[in-house]
Amino acid sequence: MNKDQDLPLRNDIAARFVPKIIILMVYLGTLCSTFTFFMIHSTLLWEEKLATHLSIEIPFFSDSSSNDLQTQVTDLLQKTPGINKVEVVSKTEMKTLFNSLLGEGTSVDAFSLPAIVDVSLNKRDAFNVENLEMRLKNISPLIQLIDHRLWQSQVSNLLFTTTSLALFLTFLILCSTLVTTFFATRTSLLIHRKIVEVLSLIGATPSYIAKQFQRNTFKQGFFASSIGAFLAFLTFLGIYFLFEKAGHTFVVTTSFFFEVLAIFILAPFITSFFMMLSARRAVMKALCS
Amino acid sequence: MSEMIGELLGVGHQYDEGPEIFKGVSFCIEKGSFRFITGLSGSGKSSLLKILYLGLKPKWGSVRLFGEDTFQIKPTLLPFLRQKIGVVFQEFNLLDHLTIIDNVSLPLRVRGVDIKRSYKHAGELLEWVGLGDCLKSYPPSLSGGQKQRAAIARAIITRPQLLLADEPTGNVDDEMATKLLCLFEELNKTGTAVLITTHNQRILKKFPYPQLALREGTVLQLPVEKKAA
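These protein sequences, in sequence, are chains A and B. Position 179 of the first sequence, counting from 1, maps to 179 under this note's numbering, and the rest follow consecutively. Position 190 of the second sequence, counting from 1, maps to 190 under this note's numbering, and the rest follow consecutively.
Hint data in this document are derived by calculation from the structure and do not stem from the laboratory. Heads up, some of the hints might be wrong.
In silico lysine-lysine, DSS-like type, Cα no more than 30 Å apart, as pairs [claimed, not checked]:
no.: 1; chain 1: A; residue 1: Lys-211; chain 2: B; residue 2: Lys-120
no.: 2; chain 1: B; residue 1: Lys-74; chain 2: B; residue 2: Lys-147
no.: 3; chain 1: A; residue 1: Lys-211; chain 2: B; residue 2: Lys-206
no.: 4; chain 1: B; residue 1: Lys-57; chain 2: A; residue 2: Lys-194
no.: 5; chain 1: A; residue 1: Lys-285; chain 2: B; residue 2: Lys-57
Computed from the model, here is a short list of chain A residues facing chain B with C-beta under 8 Å [what the hints assert, rightly or not]:
no.: 6; residue: Asp-6
no.: 7; residue: Pro-8
no.: 8; residue: Gly-203
no.: 9; residue: Tyr-208
Among the chain A residues that face chain B by a calculated CB cut under 10 Å, a handful are [said to hold, decoys possible]:
no.: 10; residue: Leu-7
no.: 11; residue: Ile-195
no.: 12; residue: Glu-197
no.: 13; residue: Ser-200
no.: 14; residue: Leu-201
no.: 15; residue: Leu-287
Predicted model, so just to flag it, every value in this text is computed and none were measured. Here a beta-carbon is modelled for each residue, glycine too, at the ideal position from N, C-alpha and C.
This is chain A alone, in the form it adopts within the complex (with noise of 0.2 Å):
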């Protein structure tokens, strides 16, 4: 006979409907966390990208001196201290570019555009903006330097948001978890009362009682969320291979895909234990009473 059989559980009709609820949370649950480390991720590189490059746009000249200006930045950029790479944007990625937004077969000749140079640099902190956008200015007044810095509080607002309601989410996914669990312990604890009230009268404790609706739930839930994280995991790989198709990146860095792998191993674990505390309390606070 093994431990927890004083108890009929196994087949208890006021359960019966607790594991579909749960492989239903933890889908939701673990997906939810998964593009909260996407977004948090993804926004944290855009961060870094806005962090360490500057833009600089050279205006369009119908004679040849646009060459000659561009020719001029380059060098310049290229002498700055400081600067990692530069990098002049091409026309081809500059149609790519305006035929997602303007429409496909629009072209890029027909406009007046300013070329843009890419910059990179080292490091933030030790690169003086200032300076560089004054010797920029002496080369010609008319060529603009775009800080991206002002996008970064905003981005920090974007991440914070995000990141915040996700959680928040999965917060309130755990919490219904526990609130179903706790009611299906307090549902078969009415159930089965006469076999409790017969073990409660030959002494057992109500912890010795609780203890078999842990060990049934921690069961019923860990069977139940490995379903979800499985299932969960499959539309994860769905996802990856549909941006793959689309030509974007889903898993954009290596810690990102570490971190979404931990999530999908430790979900049953996590759940579950929650679950076996919660089906604990129902029944100590019923009994205790």
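Keeping the supplied structure of chain A fixed, place chain B upon it in accordance with the hints.
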């Protein structure tokens, strides 16, 4: 003076707004005592026993068991008080989803005895009460008498300090009833106080122990009857 393990003082009870079943019931249970509670059907014998095994809270009076006031005791300590009491319920209260050996070994398991040892004890006891071939049977497949014997085995397996039996011979023949009473006597000799409700006159004559008679809502101490030949 013998050690007192239980004391009822002015105990009275009524269910909801119904009539009083009994009132002002006072008596003591000494260590190693053997008593019968007698009375007509509905006189409150089972309710009195229920109060003693802490399955019912009386409306009036006070109950002390093993030196503890059962009204004042913390709920967390109640199970430990109950562990000192063995109960044979009138309706047996065997758990239908457990085998007989599981039912009988249950009080040992709830006290933390390992399964193997509890099975060994339960097996020996069931053999003694004549249920050696029913160890793996389930309660619904047993007769009333067999259930009764299993319920008795479950009540005495822990060698309780106080044994409360509600009509333990109600479903068995005279031979088995005598055998079970002899078992209670053996247990009593080891120091267990025994309190049995019955209205079986043959048993009362055969086992001349003091009686507490519940009559018209009060309890009377009856003299010891002469042992039947």
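Hints, one by one, checked against the model:
1. A:Lys-211 to B:Lys-120: Between A:Lys-211 and B:Lys-120 the Cα gap is close to 24 Å, so the pair holds against 30 Å.
2. B:Lys-74 to B:Lys-147: Between B:Lys-74 and B:Lys-147 the Cα gap is close to 34 Å, so the pair fails against 30 Å, i.e. violated.
3. A:Lys-211 to B:Lys-206: Distance ~46 Å between A:Lys-211 and B:Lys-206 Cα, so the pair is violated.
4. B:Lys-57 to A:Lys-194: Satisfied, since the Cα-Cα distance of roughly 18 Å is no more than 30 Å.
5. A:Lys-285 to B:Lys-57: holds (20 Å)
6. Asp-6: It holds, given that the least Cβ distance between A:Asp-6 and chain B is near 7 Å, below 8 Å.
7. Pro-8: Since chain B brings a Cβ to about 4 Å from A:Pro-8, closer than 8 Å, the hint holds.
8. Gly-203: Constraint on A:Gly-203 satisfied, holds at 4 Å.
9. Tyr-208: holds (5 Å)
10. Leu-7: Hint holds; A:Leu-7 Cβ to chain B Cβ min 8 Å, cut 10 Å.
11. Ile-195: Holds: closest Cβ of chain B sits about 6 Å from A:Ile-195, inside 10 Å.
12. Glu-197: Since the shortest Cβ distance to chain B is 8 Å, the answer is holds.
13. Ser-200: It holds, given that the least Cβ distance between A:Ser-200 and chain B is near 7 Å, below 10 Å.
14. Leu-201: holds (6 Å)
15. Leu-287: With Cβ-Cβ at 8 Å, under 10 Å, it holds.
The structure shown violates the earlier hints numbered 2, 3.
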